[in-house]
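For the protein sequence lines, the chains are A and B, in the order given.
The opening residue of the first sequence carries number 1 in the working numbering; numbering runs sequentially from there.
The opening residue of the second sequence carries number 1 in the working numbering; numbering runs sequentially from there.
In case anyone wonders, no lab produced these hints; they're calculated from the structure.
Each hint can be trusted.
Only some residues are given here: those of chain B computed to face chain A with a beta carbon under 10 Å: (1) L16; (2) C367; (3) G368; (4) Y392; (5) R402; (6) A416; (7) Q419; (8) G433; (9) R436; (10) A445; (11) K450; (12) P457; (13) Q458; (14) T461.
Note that the structure is a prediction, hence the values are computed from the model and not measured.
Every residue gets a Cβ at the ideal spot worked out from N, C-alpha and C, and that includes glycine.
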Amino acid sequence: MPTTPPKVGLFVTCLVDLFRPNVGFSAIKLIEQAGYSVDVPEQQTCCGQPAYNSGDVPTTRELARQVMTAFENYDYVVAPSGSCASMLKFHYVELFKDNPVELEKAQHFAQRCYELTSFLTDICEMKQVTANFPHRVTYHDSCSGLREMGIKQQPRQLLNSVTGLNLVEMKESETCCGFGGTFCLKYPDISTRIVSDKVANIHHTDAEVLTAGDLGCLMNMAGRLSRTGSKVQVYHVAEILADMTNIPAIGEAEGE
Amino acid sequence: MQINSPQFKQRATVALQDMRLQKALSKAKGGFIDKRLAAISALPEFEALRERGKAIKQHTLENLDFYLERFESKVIEQGGKVHWASSSEEACQLILEISRAANAKVITKGKSMVGEEISLNEALEADGFKVVETDLGEYIIQLAHEPPSHIIAPAVHKTREQISDLFHEHHQQYGLTQKLDTVPELVNEARTVLRSQFLSADVGITGANFLIAETGSTVIVTNEGNGDLTNTLPRVHIVMTSIEKVVPTLNDATTLLRLLGRSATGQEMTSYTTFTTGVRREGELDGAQEFHVVLLDNGRTTMLGDEFKDMLRCIRCGACMNHCPVYGSVGGHAYGWVYPGPMGSVLTPLMIGLKAAQDLPNASTLCGRCEQVCPMKIPLPTMLRQHRINAYEQDLMPTRARWALKIWAYFAKRPALYQKLASIKIGILGFLGGGRGSFRYLPFAGAWTKNRDFPAPQGKTFMAQWKARKSA
Chain A
1 MPTTPPKVGL FVTCLVDLFR PNVGFSAIKL IEQAGYSVDV PEQQTCCGQP AYNSGDVPTT
61 RELARQVMTA FENYDYVVAP SGSCASMLKF HYVELFKDNP VELEKAQHFA QRCYELTSFL
121 TDICEMKQVT ANFPHRVTYH DSCSGLREMG IKQQPRQLLN SVTGLNLVEM KESETCCGFG
181 GTFCLKYPDI STRIVSDKVA NIHHTDAEVL TAGDLGCLMN MAGRLSRTGS KVQVYHVAEI
241 LADMTNIPAI GEAEGE
Chain B
1 MQINSPQFKQ RATVALQDMR LQKALSKAKG GFIDKRLAAI SALPEFEALR ERGKAIKQHT
61 LENLDFYLER FESKVIEQGG KVHWASSSEE ACQLILEISR AANAKVITKG KSMVGEEISL
121 NEALEADGFK VVETDLGEYI IQLAHEPPSH IIAPAVHKTR EQISDLFHEH HQQYGLTQKL
181 DTVPELVNEA RTVLRSQFLS ADVGITGANF LIAETGSTVI VTNEGNGDLT NTLPRVHIVM
241 TSIEKVVPTL NDATTLLRLL GRSATGQEMT SYTTFTTGVR REGELDGAQE FHVVLLDNGR
301 TTMLGDEFKD MLRCIRCGAC MNHCPVYGSV GGHAYGWVYP GPMGSVLTPL MIGLKAAQDL
361 PNASTLCGRC EQVCPMKIPL PTMLRQHRIN AYEQDLMPTR ARWALKIWAY FAKRPALYQK
421 LASIKIGILG FLGGGRGSFR YLPFAGAWTK NRDFPAPQGK TFMAQWKARK SA
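Take these sequences, add in the hints, and give me the full structure.
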């Protein structure tokens with residue numbers, strides 16, 4: 001363990017902030033277990049993806065500057081989301097490609113940005129976690145994390161170290177769940193069709209629990225599972241790894 | 001071809017409820033994906049080949065004028081002629097003139113997406129020519145009076161039963177009255193009908209997968225051999241294609257062919273790969289006596305100079321649509337014009353205008369699977385987003401969405417205010433939830449709650465809890 005631990009700034013993500021704070025606290029617990037000190041800069045709201053994917057570049061740039069300034073004094077920026085981490089790491093650089101001064105800043109910032117499970121395994125070299133979760137679990141590969149950040153083995157390696165956890169692969173785990181940010185609101189029927197295929201693949205594994213690294217995807221899949229009367233429970237991967245599954249699953253009521 | 005892209009949403013909804021289409025789509029999807037994967041897994045150098053293919057196309061596009069002129073001069077050397085068409089209308093006009101000069105009555109056609117792009121069949125039929133599609137898929141949709149729904153499998157949306165019905169209805173005139181059930185029977189009957197058409201055709205029109213600058217050759221790939229009968233039997237052969245199909249050498253074409261078959265159908269090579277070079281020479285047994293190449297621009301030279309340049313690398317394999325969750329859900333007709341799926345959602349707004357095709361680049365989750373499987377490594381999601389950026393700049397976004405975005409942005413740019421407001425909103429949502437795990441209905445979120453529950457917030461926001469914890 002380093003004598004003065006490097007400082008990690010947690011990028012909470014707007015969805016975790018609003019809907020599932022437990023994921024943020026799970027992330028803090030895991031990063032601390034890895035021997036790093038964590039802080040949460042208060043000048044953060046959202047990474048800017050809703051604006052970026054709607055074509056509003058000026059707003060996205062303003063939000064990007066806000067995030068980069070808020071995290072200026074941290075050695076690492078870690079987000080419990082492949083999608084937001086990818087926005088920070090790859091798309092901010094794109095946004096400032098025509099401005100050399102800001103581009104350099106964005107590139108410097110990008111080097112410090114990580115998705116949570118990749119940070120824990122690739123940077124902290126964490127091999128196992130202290131958690132107990134005696135359930136049959138299946139993991140969905142969220143698109144940005146998988147294809148932009150290369151997150152595939154990292155969460156699986158850590159999940160496999162959880163006591164009692166039995167990880168089963170679903171068919172087409174790399175196929176989109178149909179969330180797509182504002183896509184699911186603009187094209188709800190298409191989104192429903194895509195998430196229905198996903199739900200069928202989840203059920204096919206006989207898993208009791210579905211997990212993934214992105215809350216947006218999880219809320220989408222949890223919403224469809226719940227609507228169709230499924231008993232599959234949904235937790236963010238950070239909650240399982242941090243042994244913080246003592247609260248109702250996503251979309252589930254107390255005592256359900 | 002009629003433009004129906006503005007009705008994307010309605011068409012998608014209809015497609016989702018069409019059980020026969022859904023059956024056809026799910027059957028096709030598995031086949032394409034599995035076969036491609038098997039073919040690529042068997043070729044360790046596939047990644048290197050992709051890089052090489054991309055470099056070939058990149059180099060050619062950077063020197064497009066040079067290679068096109070070289071191609072033209074080689075075609076002329078071989079006794080052929082090259083015609084330049086800047087628009088669809090010009091291209092149709094050129095082909096009409098060639099066909100009239102040939103005194104043609106029957107025209108056979110190989111599959112050509114550029115032909116669809118310029119609405120060639122409509123133009124020829126309006127001028128009194130009998131047009132016969134000879135690719136099985138194209139033949140089927142010609143009988144059904146439908147546009148293609150996939151760039152390499154135009155009738156992929158049709159089930160076997162539907163095809164059997166179509167043949168039964170249209171083949172009676174040839175004395176073929178039995179209703180057929182199996183695929184081989186259907187294929188054989190189509191072959192019988194088409195055979196007589198091949199022999200009576202005066203002009204044959206094919207597309208081109210590649211044009212080779214060093215030899216003046218045009219290349220097509222088919223699995224039925226219909227292309228060969230279309231370009232060797234009639235007296236006049238017209239190649240209807242577009243300018244970005246040119247590559248420098250035969251060697252380059254073979255590199256791209258290795259990528260094309262595997263990416264498209266999972267074949268190492270298609271059953272037929274046909275190189276056509278000029279007119280029939282003295283002493284040769286077959287080949288056309290007139291050889292014309294019509295080269296279409298239709299906005300492509302504009303793309304060369306803008307942010308959509310990479311799209312010109314596309315070799316029309318269809319892998320992007322085969323792997324697209326949206327295409328897989330709604331099929332090709334929902335997109336409302338010639339090119340569907342991710343490549344179509346990039347191309348269509350450039351060809352029919354962003355306003356009419358605005359839904360297409362938005363109807364994507366930007367999942368990135370298309371870019372992952374594209375043999376030419378075209379950054380499709382980036383270009384879909386670029387269309388959204390252009391739409392935003394041109395003020396094309398629907399007013400409600402624009403205002404929602406503005407209001408959200410106002411708060412997102414003011415963290416202290418945002419966090420206060422978020423606390424209140426989440427408090428209200430939590431209160432409404434009243435201990436329920438999720439909402440079956442939420443005002444202003446009907447699009448979500450129509451077919452999905454909305455998970456209720458856990459409690460206070462993270463930021464509120466974090467601040468309380470820090471000050472404790």
